[in-house]
Each structure stands twice: as structure tokens, then as C-alpha cells.
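Chemist: Here the structure of chain G is known, so what remains is to put chain C in place on it, guided by the hints.
Those protein sequences? They're chains G and C, same order as listed.
Under numbering that gives the first Met the number 0, the residue at position 339 of the first sequence is numbered 338, and the numbers go up by one with no gaps.
Under numbering that gives the first Met the number 0, the residue at position 240 of the second sequence is numbered 239, and the numbers go up by one with no gaps.
Rather than coming from a laboratory, the hints here were simulated on the basis of the structure.
All C-beta atoms, glycine included, are put in the ideal place defined by N, C-alpha and C.
Hints may contain errors.
[Stated by the list, open to error] Partner residues are not named here, just some residues of chain C that face chain G (Cβ under 8 Å, in silico): (1) 46; (2) 49; (3) 94; (4) 109; (5) 279; (6) 282; (7) 345; (8) 346.
[What the hints assert, rightly or not] Restraint ranges, calculated between C-beta atoms of paired labels, are given here: (9) 17(C) / 390(G): 31 to 39 Å; (10) 51(G) / 60(C): 38 to 46 Å; (11) 35(C) / 341(G): 29 to 37 Å; (12) 306(G) / 286(C): 25 to 33 Å; (13) 156(G) / 40(C): 45 to 53 Å; (14) 211(C) / 379(G): 32 to 40 Å.
[Unchecked claim] Below, computed lysine to aspartate or glutamate pairings styled on EDC-like, alpha-carbon distance capped at 16 Å: (15) 244(G) / 60(C); (16) 14(G) / 58(G); (17) 383(G) / 60(C); (18) 465(C) / 414(C).
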Amino acid sequence: MSELTDLSLSEARNKLLNKDITATELATAHFAAIKQIEPLNAYILTTEDKALEMAAASDAKLAKGQAGILEGIPVGVKDLFCTKDVRTTASSKILGNFIPTYESTVTANMWTDGAVLLGKLNCDEFAMGSSNETSYFGDVVNPWQRRGDDNKTDDTKLVPGGSSGGSAAAVAARACLAATATDTGGSIRQPAAFTGTVGMKPTYGRCSRWGTVAFASSLDQAGPITRTVRDAAIMLQSMASYDNKDSTSVNVAVPAYEKALTGDIRGLKIGIPKEFKVDGMPAEIQQLWQQGIEWLKAAGAEIYDVSLPHTKYALPTYYIVAPAEASSNLARYDGVRYGLRVAGDNIDEQYANSRAEGFGAEVQRRILIGTYVLSAGYYDAYYKKAQRVRTLIKQDFDRAYEKIDLLLTPTTPTAAFGIGENIGDPLTMYLNDIFTVSVNMAGLPAISIPAGLSADGLPLGLQLIGKPFDEETLFRTADVMETAANFTARPQLMAK
Amino acid sequence: MSYIQGATGDWEIVMGLEIHAQISSNSKLMSGAATTFGAEPNSQVSLVDAAMPGMLPVVNEFCYRQAVLTGLGLNAEINLVSIFDRKNYFYPDLPQGYQISQFTDPIVGKGIVTIELADGSTHDIGIERLHLEQDAGKSIHDLYPNQSCVDLNRSGVALMEIVSDPDMRTAEQAKLYVTKIRTILRYLGTCDGNMEQGSLRADVNVSVRRPGAELGTRCEIKNMNSIRNIGMAIEYEARRQVDLIEDGGVITQETRLWDVAKGETRSMRSKEEAHDYRYFPDPDLLPVVLEQSFVDAIKATIPELPDQKHERLMSQYGLNSYDANILVAAPENADYFEIVAKGVDAKLAVNWVTGDLFGMLNKQGYTIATSPINAEALGELVGLVTDKTVSNKIAKQVFEIMLKTGEGAAKIVEDQGLKQVTDTGAIEKAVDQVIAANPDKVEQAIAKPKMAGWFVGQVMQATGGKANPQAVSDLVKSKLGLD
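Bound conformation, chain G alone (with noise of 0.2 Å):
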């Protein structure tokens, strides 16, 4: 059983294509898996019964020659992707009944594709969140533990990241082969640097929001997190799609992005901004992120200095824009209609009521941010400006990558942190998306891949930023540094 969820995503498709092994059974080992890990909380809903269904199809469709790219790959589901039928719930208590009627574009994409529903994944309530400790479900715990001192695990429970800890988690534990994911300020980047995955992060209009909860409209872009580069690559060929019921969505021809996967860099200009080199940033990440300079120029790559001037603002022009979508994307759920009403006297009793128990303190903290930003008074000082640093943010981009196809810079500043250590201090909780919201404020395609680890044996991540639409040099880099890298540890808390 065991072998099957070891297996990667790319290596059980080259399997169940030789039926050396059927998607019933590669399904089946999954649930045991699930099971093993289920203290882990990284699944809010197992589909055992829609799953064998659907390897049983897959099943058929493989003996018959007609497979999908995903035919009979068993995955999980961020629960923010609508899925028709199965409860769908943003792990928000407010949406804790919710079945939707509909299926999300991505999701549509991967069962059309032959993908097979393992269940839906734990992420933080809305997705908001940098560690999974805001969901209505509970906190998920991060398959690594640290090593101690006297060379033996620390038993402390450690975040997965967030807000995809679910899909990070799932994946790094061998509970599925592959999981959707979102990001909107790091959601994919940080939760796999965290867990020691791949995490890929599309330009913005690549995947369609269609059917996926909104938390920022403007920068919310669906994405995989894989145990590999080659597994992203072809999770992002299924997902990504133009949809006319997003306006958002590019009509762009999504390639097939394996194909990208020469191993050949020779000649490929990558971009070190200067900007990220931030104050108390901890020699382990400097030093890993020299490793991949040196990695990259191994391989033929040339590297450039560049400069981003106005990175040190994008953390808190992130936090009123997103914010400020956020209040208003969420004003649907009031009770009205569907999800949890709690009643009151009146209507404005009821909205109030069925807000303050159906949402959590972060959502709660993020709509109030996010109101007064927009409001009278305070609109132009603080969500006008945000939107002007935003283009000067995606300006030192464009000029950036006049001169260069690519930039590298970590994932995070840290490595995985403990349940409880930083839930308190919202700021600090912040500073975990500093390398990777200046990406969503310019809708930039991005990656981060499992690079080493840190001196407590926690995983650690470094960060490809592409050019719009170039998804396929991201991954062609992103395959090479990953070969570099050698990654191999695997984390304690995963089935067995």
C-alpha cells in the first residue's frame, strides 16, 4: 500500500498507463493513508464512496485507451473550490452546512481530466491566514517536527503554513498525490515551503475564480501543490483554463506545460532583488538562498543584481487591498440566504448575530480592516494610494524583466513555526507573506520548491517569480533546481 502513496503524481500516471496498477487501488491505498494521518486534520471531508466511482470510471476509461492527464490520479481539494454535491465550506463555520448545486471551473478541468475526489482539504477560514490555525475545523499539524538538540524529534506541533495547510499537509504526507490549492498573498508558496512540497502559484487569469470562494478577487488565483515539479506541471495543465465566466480569465492556449521540462537553463537571466535581502533575515536563508545562485549558475543560468525598489511596500499595500475585497466579497454571506442564521429582532440583529457566530476573529478583524479602508474619509488615503503603490509594485517588475527571464529570491523568512506561537500577534503573523505578496500584488506566476533544510531539520523553500504567462520557464528552472537540490528528506508524520 505503501508504495502507491509514495508514488509521485507523474510516476502513478506512467503506472496506471502500463495498468501496472489500477486507479481503484491507488484510490483505496489513500484512504488508508488518510486514516493514518488523520490527526494530522489535513481533511475536513473524505468522498471514499464518489471516489472509487470515480477510479472505477477511470478504471474503464484506461482500459480503453481514453485516459485524461489526471486519469485515476487520486487528489484532494482545497475546501474553498465548490464542489457539486459535496459540502463545501471555506472552513467557515458560516458555510458549515453549505452543498453547493455547481462544480468550480478547476475542479470541472481535473474530473474531466480523469482526476479522482479524495475529499476536500482543511485551509485557514476564508483563506485567510498564514498558518491554518483560523479554520472553523480546527488547526492543522505539519507532518515535520523539529529535530532537537540532543538529535531527537521535538514533539511540538508545528504549522503547516496556510492558508492551503490542508492541501500542504495532505500532500506532504502522502494523503493524496496532488492537491489544489489558492493564493493570495503566499496561500500555495508558503504552506509548501513549510511542508517541503512543490507549490505553484499561476499568473493571474491562468486558472478561472469561477466557483472559487472569493477572498481578493484581484489577486485570488488557483494552483497546485505537488510532491514534485513535473507533478505541478501537469496538475497546472488540467486546472488552468480560459473561462467566459470569469472576466478575469486570459484567452491564452495553455501549453502543455511537461513538455517544458528540457532540464536545459544554458543562457537563462535570473534576477536576485536586492530588496528581499530584509533586516534580520536568518543566515540559513541567506545561505540557502545562495545555494540556489549557485545551483542555478551550475546549471548555466546567468545571474543579475536587480533592484525592486518599492518590495517594502508591498506587504502593507497587501493588507488593504486584499482587506478591503475581502469586506465586500464577504457581505454575501449574511445569513439570507443560505449558510448559518442566527436570528435577531430584526434584520440589521440578525446580519450582526449571524456575522459574529459564523465568522471568526481573523475574518472578522481582516472585513473590519477592510470597511474601514473604503470608507468616507479614509477611501483615497489609504485603498487609492494602495492601488498606485500596486502598479509602481508592478512596474519595478516590467522593468526588472526587461533585462531578465526570471527571479529567485525564499519562499519565507522563517522556517515552519509552532501552533500557538504567533496566533496572538497578527503582525508577525503577517511578515510570513513578505517574499510572496509583492507576486499577487503584480498577478506574477510563481513557485517554490523544496530546497533544504533548516538547522532543526525543517523544510525550507526557495521562490521562482516568472514573467505573465511564462509558466513554462518557471518550471523548466524550477526542474533543474530541483535535481540540483536533491530534497529527499521526507517528513516524520506521514503514512506509512
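Modeler: Positioned in the frame of chain G, the structure of chain C alone reads:
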């Protein structure tokens, strides 16, 4: 300029209007749901209209075309770049918790509309802007004692909000302005203008000032759905403001409602209670960027508009402005008239259309579209009057018969022998007989020439109304020596 007489002198009313016109379209502004009026509650609601999680708006291009067409019809600038914003507030019939509208960058900018006043003079009213927005659903509060019901059929239907400059000074002008806008929209086919069904509603901003003084504080009367009520509400509100100021009071900016039953406006909410709508660009929608060629192509489809038609009816048919105004009030009126007027006396045709026909339609509850007598049939009848086959009086009888039997005018005249007698010999004989039989009346008529009419009547009666009345009159006068 007409002022309100206050206890302390004259006051001038200043008004600007916001007209909400529902776009004639099969589907909503941001979703594919249908827009039919009067459908079963909540039967025309898409996932987008109900604001289900993860649903996204997509602009209905047809609605955009309709807005551009309307802008062109209002002689207004079309903005090639426009932006949808969110107007945020909570209400049960607003599922998204925001209305998608256009705030900073509307589709249509400044324009001008001309109204013609009762004295024949014209008055220009500036259009500040026209923007697109979603309509809300309907809340129904009177079905259950402790619950309200929500019908989302209207939720997301496309509205054009047409904002005027504060260019109106009398209730009459405001009524004429709404009428004019409604007429233009109907000509363009961009809104059916049906105020009873709520497809056209107006918010009226009213303030008063001493003539020529600075603008006073305004009050907004919301959701007016008849032109008559607009007039009454303005008269009431202006008088209320004048009385309040003259009593030493101060007008506070507020939103007021017109109570039809009581005939008064009352306060709905003050400026302090007003929402902070937190407008910001809708991140689900990109700015709409139009090509000039797109606008030009729409421009080429604009039909003849009321002002042009008015001008043409006067010059082509020699109509007076009053008659022309009645005909242009609805394009189908003018179309009907133009068919009737083909080859017949135009003055006669306009009298028949605006008099006999409209009178009949009103009385019997028809519209021009459902008229039991079509334009060709009426044209045939008016043709018979024009060529003197029948008198106008006989024609009215024929009209009644047409209404009853549905037969053609010529056939009725033929079958019933209603042709006008133009044979002077026969008429002369009838005149002689009447004169001979009434010597006393002859004496009276000679003393009082107006009595000649009595003889004409007698002759007409004797000929069964078929004699040409002019010929009879001429003969009577000459026989009695009155000319």
C-alpha cells in the same frame, strides 16, 4: 419664469432628476437569467443573482449596447473607457451585499435634452451622466406578520440611471422632462418606459431659493412612479420648504417619500443616517474599453428621434406643433398617422387620428397597437372624406360601422348608399321644398341670418345626411338672399 408666492416674497424651485430606466433586454446585466415582468417569484434567479459562493458577474454586452444607444439618443458623450464599481450596503433583497454600478467612470457623460413648454417655447435640460447598474430584488413585508419575503426576479436586472443637471424650475418642466426622456427611450427601444410596472422610476431633488440666490438645501423624493405624482410631489415639497423657511426653520438634507394616499412627502432618512456605500472598482470586472467604431456602428442604427420627427411632421404634412407633439409622443402614433395620411388630406388625417381614433381607443381600452381599426382602414375612410365621397359627418357613422363589423369603409359606403349627394339639382329641390314649407322661418332667417343653419339642418335631414353640407349651405344662403 414662474415663482412660488411666499408670505415674504417670491421663491424659485430648483430641481434635478435621477431617472432609473430598466433596460429592455432578455437577460440581466451580469447574468443570463431572464427578465420577464410578473413571473413567479424567484423563478428568474441565476446562481450569480443569488450571490452563491464563488459566482462571478459577466457584463451582458447587449445591455452595454443599449446604454450606448441611449447616450447617443440623449446627445451625450460616450466614454470609451468605463468602470464598474461596487456600492456596498446590506439589505435582504441585495444578495451580493453590494450593487454593481458605475461611480467614477460612467458609460455616458454630458448630454442635452430639449423640452417644449405649453407656450411653445423650448427649454434645454443638461444631462450630467448616464450609468449602468444592477436593480435590487423586491422585499415584501406584508405577507406575514413577523417575516418578510424576498423576490429576486428583479435582482440584477439592468438599469440606466440618467442624472440631469439642476435645470428645472417648475413642476411642469419636470413632468415634461420625464415624459421626454420616456419618449426618447421608447423610440430607441432601450426601455419600455412602463412606470406602473416600475421599469421607469424617478428620484426628484427639490430645493427652493430666492430668485437668483445661491442654491438651497435639497431634499430627494425617492422612487416616483407616475408623472402625475411627480408633479404633485414637487408642488407639495416646494411649498413645504418655503413654509418651513418662512417660519424660521432650516431645511435639512434628507431623503423623503411621497405618500400617495395622504398627498404629502415625509422623511425617510436624514443625511446623517445615509449609508457610507464604500464605492470601489469591482475587482471581478475589468474596465470596459470600447472602440470608436463600436460606437459609430451603434450610431448608425439610431432611429428618427422625437425632435426630428416633430420637425418633419410639421414640414412634410403642414401640421401645427401641437398636433405634431401628440403624434411624436409615441413612435407608433406617428407611424399610424403616416400610414393614414398617405394620399389624403393631412389635416383631416391628424384630426381623425388624434380625435376620433384616440377617443375610441381610450374609451374602449385599446392601445394603438391593439386598435380594432388599423391605419390602412382608417386611411381608406379619410380618403373618402378627402375626395368628398362622404361628408365628415357620414364618415363618423361609417367609422362606427367599421368598428362593429370590421368591414372596409368603401364597402360600407357602397352597401349602405351613404355616398354624398353632389348633384346640385337634387339638393336645390330639397332646399326649395324646405323653404316653401316654412315661410315663418324664412322671415326669421332674413331678420337673423344665423337661422340659415336651421335650413341647412332640415335639408341634410331630408337627404339622409348625404348632401354635401357646404353645397347645401351655399344654396340656402343664396335662396334666402343672405349672401
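Chemist: Each hint: holds or not?
Modeler: Now for the hints, and whether the structure bears them out:
1. 46: holds (6 Å)
2. 49: holds (6 Å)
3. 94: holds (6 Å)
4. 109: Check failed: Cβ of residue 109(C) comes no nearer than 25 Å to chain G, outside 8 Å.
5. 279: Holds, about 6 Å.
6. 282: Check passed: Cβ of residue 282(C) comes within 4 Å of chain G, closer than 8 Å.
7. 345: violated (53 Å)
8. 346: violated (57 Å)
9. 17(C) / 390(G): 31 to 39 Å: Roughly 33 Å apart at Cβ, these two residues keep to the hinted range, so it holds.
10. 51(G) / 60(C): 38 to 46 Å: holds (44 Å)
11. 35(C) / 341(G): 29 to 37 Å: This hint holds: roughly 36 Å between Cβ atoms.
12. 306(G) / 286(C): 25 to 33 Å: Given range 25 to 33 Å: holds, Cβ gap about 30 Å.
13. 156(G) / 40(C): 45 to 53 Å: holds (51 Å)
14. 211(C) / 379(G): 32 to 40 Å: holds (35 Å)
15. 244(G) / 60(C): The given pair, whose Cα atoms are some 13 Å apart, holds under the 16 Å limit.
16. 14(G) / 58(G): Holds. Residue 14(G) to residue 58(G) sits at ~12 Å (cutoff 16 Å).
17. 383(G) / 60(C): violated (28 Å)
18. 465(C) / 414(C): holds (14 Å)
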